[in-house]
Amino acid sequence: MMMLNAGDLKQVVKYLELEAQFSTRPAKQRDVDKKKEILIMDQKKAYNISILLGHLKMSVPEVKRALYSMDEKALAPELLRQLLAFAPSKPEIEQYKAYSGDQSQLTKPDQFAQQMCLVGDYEERLKALLFKSSFKEKTEELRKDLASIKTASIEVKNSKKLSRLLEVILAMGNYLNQGNPRVGEAAGFRIAFLTQFPELLSFSDEILTVDKAAKVSMDGIDQDIQDLKRNLQMTSSTLSKVSDQGQEPGPGDRFQDVMGVSFTIARCSSCNFHPLSLTADQHFVAEATDELQSIFRLHAAAMSQFAQMVAFFGENPKTVTTTEVFRIFSDFIVNFESSIAVEFMVEKIFGIGYLS
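Following the numbering used here, the numbering of the sequence shown begins with 72 at its first residue and continues without gaps.
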């Protein structure tokens, strides 16, 4: 829902002046026409559409042409979201179909909605174009996050400085516990216990990606991947629906040319897909399918590296999350570097410390 300000309220008034988008009726007829206006949609929706029309820099025919031609420059993602939010409901569509009166007697929001109903598969086209326009950005972000998980897992597992640090900590623990019958010798420790030793060796230079990985939510990644898969399948279903209608695309209708052909996404077990027979002329759907399969493979590789790293430290990969594990290391680095800075200051001021 858009926030309204004084400028928006002026636009609500101005929508009555949008005659050029719908008819050429002289302005002097406006007062007479207004009395005869017929409102089909509810007032709140009509009000919001009038705001949208006030901000819209295209005429209604131009909006229709942009949608038919799949023009992503004219139909930016935010505009697509608004058009989707105010798309005609099924009852409204039926009422527009049944309406046999003078089209000019409808309110401007109703005229706009009625014109959009004339676009075949209007809502499905909006969803498909919105999916296409945001697909690259979403997949790039997923790749970046998954790469952080994978790289950080490899860094932590292979860090020689970290291995040496853990040896020192274990040796220190055994030494402190000697002669204590209640505690006995320490055979090891859990990863979370690392935060208790911020004064030890520096190893952050070998695990530079840990901080990025700590900020990644695997639950969020999994949800985003499932959303991509669902939207891709929905786009494919729309293509199948359009193809099954058996009609040649109208003039300027590039939906099938741009989006491609329909298909069924293979079910993923352990994120391994069966190869699909895709050709170069299948356009966005083919490209998106290949990219989604690549994302699934990267996801599997990242989680495999994470599981190996966690198991290396004696933890169960099924009981800890990537965020929990990498946050432990990230916090340890921050605390350690802070302690080192304090030690340097103490040694510089008082000439004593553990660093000399």
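Because the hints were derived from the structure by calculation, they are not lab data.
Just so you know, not all the hints are guaranteed correct.
To be verified - DSS-like cross-link-like pairs, simulated, lysine-lysine; straight-line CA separation at most 25 Å:
id, residue 1, residue 2
1, Lys198, Lys312
2, Lys115, Lys135
3, Lys221, Lys231
4, Lys419, Lys135
5, Lys144, Lys209
Unchecked claim - Here are the in silico distance ranges between beta carbons for each label pair:
id, residue 1, residue 2, range
6, Ser175, Asp113, 42 to 50 Å
7, Leu155, Glu408, 22 to 30 Å
8, Arg136, Lys207, 18 to 26 Å
9, Ser175, Ser288, 22 to 30 Å
10, His354, Lys300, 17 to 25 Å
11, Lys389, Ala145, 25 to 33 Å
12, Ala158, Asp361, 27 to 35 Å
All C-beta atoms in this analysis are idealised placements derived from N, C-alpha and C, irrespective of residue type, glycine included.
We went through each hint and held it up to the structure:
1. A distance of roughly 14 Å separates the Cα atoms of Lys198 and Lys312; the hinted pair therefore holds under the 25 Å criterion.
2. Under the criterion of a C-alpha separation no larger than 25 Å, the hint pairing Lys115 with Lys135 is consistent with the structure, at around 24 Å.
3. Only pairs whose Cα atoms come within 25 Å are accepted, and Lys221 paired with Lys231 is accepted, the gap being roughly 18 Å.
4. Distance check on the hinted pair: Lys419 and Lys135 sit about 73 Å apart at the alpha-carbon level, beyond 25 Å; violated.
5. At roughly 18 Å between alpha-carbon atoms, Lys144 and Lys209 fall within 25 Å of each other, so this suggested pair holds.
6. About 21 Å separates the C-beta atoms of Ser175 and Asp113, a value inconsistent with the hinted range of 42 to 50 Å.
7. At roughly 48 Å, the beta carbons of Leu155 and Glu408 sit outside the given window of 22 to 30 Å.
8. Remark: the range hint 18 to 26 Å for Arg136 to Lys207 is upheld by a beta-carbon distance near 24 Å.
9. In this structure, Ser175 and Ser288 break the distance hint of 22 to 30 Å, their C-beta atoms being roughly 52 Å apart.
10. Between His354 and Lys300 the CB atoms are about 19 Å apart, so this pair conforms to the stated range of 17 to 25 Å.
11. The beta-carbon spacing between Lys389 and Ala145, approximately 49 Å, falls outside the hinted interval of 25 to 33 Å.
12. As the Cβ distance of Ala158 to Asp361 is approximately 30 Å, the hint placing it in 27 to 35 Å holds.
Hints 4, 6, 7, 9 and 11 from the list above are not met by this structure, while the remaining hints are.
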